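Chemist: Required output: the full structure, derived from the provided sequences and hints.
Protein sequences, first through last, are from chains L and H. If you're matching positions, the first sequence starts at 3 in this note's numbering and goes up one per residue. If you're matching positions, the second sequence starts at 5 in this note's numbering and goes up one per residue.
I should point out that these hints are in silico values taken from the structure, not numbers from a laboratory. Since the structure is predicted, the reported quantities are computational estimates derived from the model, not experimental observations. Hints may contain errors.
Derived DSS-like pairs (lysine-lysine); straight-line CA-CA distance at most 25 Å [unchecked claim]: (1) H:83 <-> L:390; (2) H:87 <-> L:359; (3) H:87 <-> L:348; (4) H:83 <-> L:383; (5) H:138 <-> L:348; (6) L:383 <-> H:87; (7) L:380 <-> H:138.
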Amino acid sequence: MTDHLTVFKLKQDIAAGRVKSRDITQAILDRISRYDSAIGAYLSVFADKALEQAKAVDDKIAAGQPVGPLAGVPIAIKDNLCYTEGLTTCGSKILGNFKPPYNAHVVEKLLAADAVILGKTNLDEFAMGSSTENSGLQKTVNPWDKTRVPGGSSGGSAAAVAAGLCCAALGSDTGGSIRQPASFCGIVGLKPTYGRVSRYGLVAYGSSLDQIGPMTTCVKDAAILLQVLAGHDERDSTSVNTETAAVPDYLNALEQAVTGLKIAYVPQFIEQAEAPVRDAVKAALELYKSLGASLVEVRMPHFDYSIAAYYVIATAEASSNLARFDGCHYGYRSPSARDYVEVYSKSRAEGFGAEVKRRIMLGTFALSSGYYDAYYLKALKVRNLIRKDFTEAFAKADCLMMPVAPSTAFKIGEKTSDPLQMYLADIYTIAVNLAGVPGISIPCGFDSNRLPVGLQIIGPTFSEDKLLRIAAMFESKTDYHLQKPAL
Amino acid sequence: MAAKVDYKVIVGLEIHVHLAAKTKMFCGCELAYGGTPNSRTCPVCIGMPGSLPVMNKHAYECAVLTAMALNCSIARFTKWDRKSYYYPDLPKNYQISQYDLPLSENGFIEIPLEDGSIKRVGIIRAHLEEDAGKNNHELGSFSAIDLNRAGAPLLEIVTAPDMNHPAEVRQMAQELQRIVRYLGVSEGDMQKGHMRFEPNVNLHIYKDGQTYKTPICEIKNLNSFRAIERSVAYEIQRQLEEFLETGKTMQMGNKRTYGWDDVNQMTVLQREKEEAHDYRYFPEPDLVPVEMDDVWFEQIRSRLGELPLQKQKRFVTDYGLSDYDAAVVTGDKATADYFDAVVKAGAEPKRACNLITQIGQKLANQSNTSVDQLDISPQNLAKLAQMADKGLISATAAASIYAKMPGTDTNPEDIAKAENLIQTSDTGAIEALVNEVLAENAEAVQDIITNSKKAQKAQGFLTGQVIKKSKGKANPKVVTELLAKRLSELAPKE
Numbered sequence: 003m004t005d006h007l008t009v010f011k012l013k014q015d016i017a018a019g020r021v022k023s024r025d026i027t028q029a030i031l032d033r034i035s036r037y038d039s040a041i042g043a044y045l046s047v048f049a050d051k052a053l054e055q056a057k058a059v060d061d062k063i064a065a066g067q068p069v070g071p072l073a074g075v076p077i078a079i080k081d082n083l084c085y086t087e088g089l090t091t092c093g094s095k096i097l098g099n100f101k102p103p104y105n106a107h108v109v110e111k112l113l114a115a116d117a118v119i120l121g122k123t124n125l126d127e128f129a130m131g132s133s134t135e136n137s138g139l140q141k142t143v144n145p146w147d148k149t150r151v152p153g154g155s156s157g158g159s160a161a162a163v164a165a166g167l168c169c170a171a172l173g174s175d176t177g178g179s180i181r182q183p184a185s186f187c188g189i190v191g192l193k194p195t196y197g198r199v200s201r202y203g204l205v206a207y208g209s210s211l212d213q214i215g216p217m218t219t220c221v222k223d224a225a226i227l228l229q230v231l232a233g234h235d236e237r238d239s240t241s242v243n244t245e246t247a248a249v250p251d252y253l254n255a256l257e258q259a260v261t262g263l264k265i266a267y268v269p270q271f272i273e274q275a276e277a278p279v280r281d282a283v284k285a286a287l288e289l290y291k292s293l294g295a296s297l298v299e300v301r302m303p304h305f306d307y308s309i310a311a312y313y314v315i316a317t318a319e320a321s322s323n324l325a326r327f328d329g330c331h332y333g334y335r336s337p338s339a340r341d342y343v344e345v346y347s348k349s350r351a352e353g354f355g356a357e358v359k360r361r362i363m364l365g366t367f368a369l370s371s372g373y374y375d376a377y378y379l380k381a382l383k384v385r386n387l388i389r390k391d392f393t394e395a396f397a398k399a400d401c402l403m404m405p406v407a408p409s410t411a412f413k414i415g416e417k418t419s420d421p422l423q424m425y426l427a428d429i430y431t432i433a434v435n436l437a438g439v440p441g442i443s444i445p446c447g448f449d450s451n452r453l454p455v456g457l458q459i460i461g462p463t464f465s466e467d468k469l470l471r472i473a474a475m476f477e478s479k480t481d482y483h484l485q486k487p488a489l
Numbered sequence: 005m006a007a008k009v010d011y012k013v014i015v016g017l018e019i020h021v022h023l024a025a026k027t028k029m030f031c032g033c034e035l036a037y038g039g040t041p042n043s044r045t046c047p048v049c050i051g052m053p054g055s056l057p058v059m060n061k062h063a064y065e066c067a068v069l070t071a072m073a074l075n076c077s078i079a080r081f082t083k084w085d086r087k088s089y090y091y092p093d094l095p096k097n098y099q100i101s102q103y104d105l106p107l108s109e110n111g112f113i114e115i116p117l118e119d120g121s122i123k124r125v126g127i128i129r130a131h132l133e134e135d136a137g138k139n140n141h142e143l144g145s146f147s148a149i150d151l152n153r154a155g156a157p158l159l160e161i162v163t164a165p166d167m168n169h170p171a172e173v174r175q176m177a178q179e180l181q182r183i184v185r186y187l188g189v190s191e192g193d194m195q196k197g198h199m200r201f202e203p204n205v206n207l208h209i210y211k212d213g214q215t216y217k218t219p220i221c222e223i224k225n226l227n228s229f230r231a232i233e234r235s236v237a238y239e240i241q242r243q244l245e246e247f248l249e250t251g252k253t254m255q256m257g258n259k260r261t262y263g264w265d266d267v268n269q270m271t272v273l274q275r276e277k278e279e280a281h282d283y284r285y286f287p288e289p290d291l292v293p294v295e296m297d298d299v300w301f302e303q304i305r306s307r308l309g310e311l312p313l314q315k316q317k318r319f320v321t322d323y324g325l326s327d328y329d330a331a332v333v334t335g336d337k338a339t340a341d342y343f344d345a346v347v348k349a350g351a352e353p354k355r356a357c358n359l360i361t362q363i364g365q366k367l368a369n370q371s372n373t374s375v376d377q378l379d380i381s382p383q384n385l386a387k388l389a390q391m392a393d394k395g396l397i398s399a400t401a402a403a404s405i406y407a408k409m410p411g412t413d414t415n416p417e418d419i420a421k422a423e424n425l426i427q428t429s430d431t432g433a434i435e436a437l438v439n440e441v442l443a444e445n446a447e448a449v450q451d452i453i454t455n456s457k458k459a460q461k462a463q464g465f466l467t468g469q470v471i472k473k474s475k476g477k478a479n480p481k482v483v484t485e486l487l488a489k490r491l492s493e494l495a496p497k498e
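Modeler: Laid out in structure tokens, this is it:
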């Protein structure tokens with residue numbers, strides 16, 4: 003029943019009455035019980051609530067009532083999205099007991115679409131990391147090799163989708179946190195254009211970079227989910243007005259190949275990746291060529307500065323966004339604090355993990371008087387140049403293709419002692435967030451250890467419909483996305 | 005007693021005005037004063053993770069309107085910044101404010117001084133920010149935080165150091181209050197914290213051919229106009245004495261903060277040194293910049309209307325009111341507009357002003373309302389004023405008719421008739437009364453015609469007697485004239 007679970011097929015089966023949502027939800031809950039102790043994808047599972055939601059959908063269908071576009075489909079959400087069910091921890095001790103009084107916009111959208119929410123998935127603390135090892139609460143492993151990381155920060159969501167512990171999941175992506183774990187776990191991960199999906203209820207890391215997106219087993223599922231998530235929300239001033247950019251029908255023409263497709267690529271980006279990644283991405287480009295696409299070599303002269311710019315901008319915003327976790331109003335409060343200054347200092351010292359503290363300090367430094375111009379302002383200038391790089395590339399081609407990460411999933415603990423090494427794992431994904439453009443990661447091969455490799459396709463702002471079509475072209479000719487890890 | 009030295013007082017003001025929007029600056033919570041702690045809060049103003057601010061457009065317009073009234077140049081592109089500092093009443097530990105691109109700059113305010121002259125005070129900038137909540141430390145072993153006020157829209161106005169006298173500082177504050185009330189952008193109640201004024205005071209002391217500048221002191225906790233004036237006066241004296249004693253002058257970092265102790269009428273040192281705050285300002289990524297096009301700009305400007313000082317000047321120039329009367333009648337917009345309407349309905353301005361500010365104000369106070377809310381049409385009040393002007397009724401009668409007018413929509417003449425208050429100017433009838441009185445008071449007549457010391461008093465007495473005989477209806481002017489005429493006839497010929 004849970005083999006090759008796709009949103010697309012399942013919603014049809016449920017709507018047609020061939021499958022009961024309650025049965026499939028129960029079957030997935032059983033899988034979670036069976037496998038997740040070894041994988042660690044979930045921080046919390048809402049079995050009763052999920053079954054209740056599933057039953058409500060089944061009842062609606064039995065009564066012949068109309069149902070939403072995700073009727074009865076069991077979905078997992080990253081634990082930095084506010085949901086009134088259970089806790090929203092962000093993988094942090096400081097929010098270890100935090101129960102939000104409201105739902106994130108995307109959670110409301112899922113519920114309105116009649117989805118079943120299974121539970122909350124693990125992440126690097128406050129989405130800061132590339133391996134989910136920074137979670138303050140739990141370890142998550144890669145379902146393809148349990149000695150390896152699932153990627154991050156949406157590692158829990160990626161592992162859950164790859165292991166069939168949900169039908170699809172939501173992640174958030176600030177510097178690659180959807181695409182990189184999708185690549186490491188062999189699934190599809192889409193980071194939409196900044197402003198396409200409301201951030202209301204997403205616990206902010208880097209506000210000018212954060213976007214929520216779908217993590218699915220196939221491109222079509224990503225299109226279905228994006229359709230539900232996208233659109234203006236008046237509670238998020240940065241969510242784009244539909245007059246400026248209407249939400250297209252992502253499913254329409256999804257399976258039609260883009261004719262005259264022009265793909266931009268930077269040869270050096272592909273060459274500098276590790277051999278299995280390099281070879282898989284090269285092969286993917288060849289496949290596109292065989293489908294009639296033409297390749298355009300481009301230069302991205304400021305790409306190399308993206309990590310530096312990112313770690314100034316993201317940490318500056320984070321240092322401010324995370325200031326509210328002070329033990330005063332909610333969340334963890336140090337039991338040994340004796341006055342209000344200690345409520346701050348001790349609660350934060352005890353509540354935050356090392357990487358979060360590192361980034362808060364980096365950001366605080368970058369914004370400090372006397373350093374602002376040299377760091378923050380400079381980073382904003384670099385950001386503009388990177389945007390320009392993309393604009394110029396997209397003037398010559400429909401999309402840009404490159405690896406998602408320089409390597410396949412690395413070993414647990416391999417990079418934890420060297421944060422800079424860890425930051426470099428995001429070299430291909432970060433510039434996309436700085437530019438605010440959409441990017442998708444799709445499975446494009448395996449290395450010799452049978453670890454998945456991802457192909458990243460990047461498009462101009464609000465070109466998700468085209469990106470999905472380009473991705474679907476590759477997927478229809480390959481079966482990487484159909485391969486599953488042995489649990 | 006300190007030695008006599010020449011000095012100049014330098015005062016600038018930092019002002020916070022609570023804008024009277026319906027909701028908070030960045031969320032939909034109701035704006036109100038007091039109430040159960042934390043009853044008007046939501047995830048946004050509590051600073052819950054994941055919540056996002058959305059700009060209150062109405063509050064922004066109120067801020068721009070105020071800045072326009074202060075003759076500021078209005079930014080067509082402005083943005084929001086985060087100002088970081090940790091304090092329990094600031095739930096996000098940053099305040100959304102405006103740093104390098106305030107919504108307005110470079111204006112001025114004109115203040116009518118008591119001597120009738122106008123003082124101009126420069127406005128350096130006015131920008132919007134969100135207010136913090138309130139900490140309560142009076143509950144024993146713990147402190148409580150009330151976030152009802154957190155997120156309230158606050159207009160910060162910084163003036164140039166252009167004020168040179170304690171009274172000017174007070175008058176500046178009062179004029180600003182009059183302006184914000186005219187515009188309807190704030191209730192402007194200092195006791196309720198709608199307006200907070202923090203004077204920055206120092207002295208330029210001229211001694212031995214040199215100028216010495218005393219350290220700047222900022223005064224906080226001022227909750228009345230009187231406190232503003234008194235605190236500045238106190239601070240001037242204190243700084244002067246301190247300088248003569250210690251010779252201390254202004255240096256980097258020796259700005260001090262004093263609090264006003266209203267009970268002991270003195271300033272009390274709160275903070276010795278200006279702390280080296282680093283607010284780590286950076287652009288607020290959760291909000292988009294505000295761009296104002298011509299249409300929006302003009303829409304706001306059309307709401308400006310006539311400002312209080314303009315009105316006051318017009319009442320002096322066009323209506324011939326004295327500076328004092330014009331200031332009193334323009335104290336609040338409703339009264340000024342009502343007065344204007346009464347004059348336009350045909351009343352003589354001075355008469356209308358006296359009726360409204362003396363009698364009307366008293367009536368309004370008695371029924372706890374305002375003059376314009378007494379339910380007397382400007383036309384009827386203008387008629388009353390005209391009747392008094394023509395001598396048809398006495399001043400006393402005018403007051404009692406005014407008191408009977410609210411809510412009746414009756415012509416004051418009808419009231420006067422019904423109450424038998426119409427004065428007579430019928431010279432024949434009055435002459436008869438005059439003759440009667442002269443006959444009855446030979447002694448007084450004698451005093452007058454012999455021009456004795458009692459003459460003036462006697463004349464007043466006789467006038468009173470005639471009016472009394474007429475039961476208050478004889479026009480005093482006519483009585484005086486006739487009486488004078490008869491008395492001169494009686495006087496011995498030279």
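Chemist: Look at each hint and say if it fits the structure.
Modeler: Hint check results:
no. : hint            : in the structure
1   : H:83 <-> L:390  : holds, 23 Å
2   : H:87 <-> L:359  : holds, 20 Å
3   : H:87 <-> L:348  : holds, 23 Å
4   : H:83 <-> L:383  : holds, 18 Å
5   : H:138 <-> L:348 : holds, 23 Å
6   : L:383 <-> H:87  : holds, 22 Å
7   : L:380 <-> H:138 : violated, 38 Å
The structure does not agree with numbered hint 7 stated previously, though it agrees with all others.
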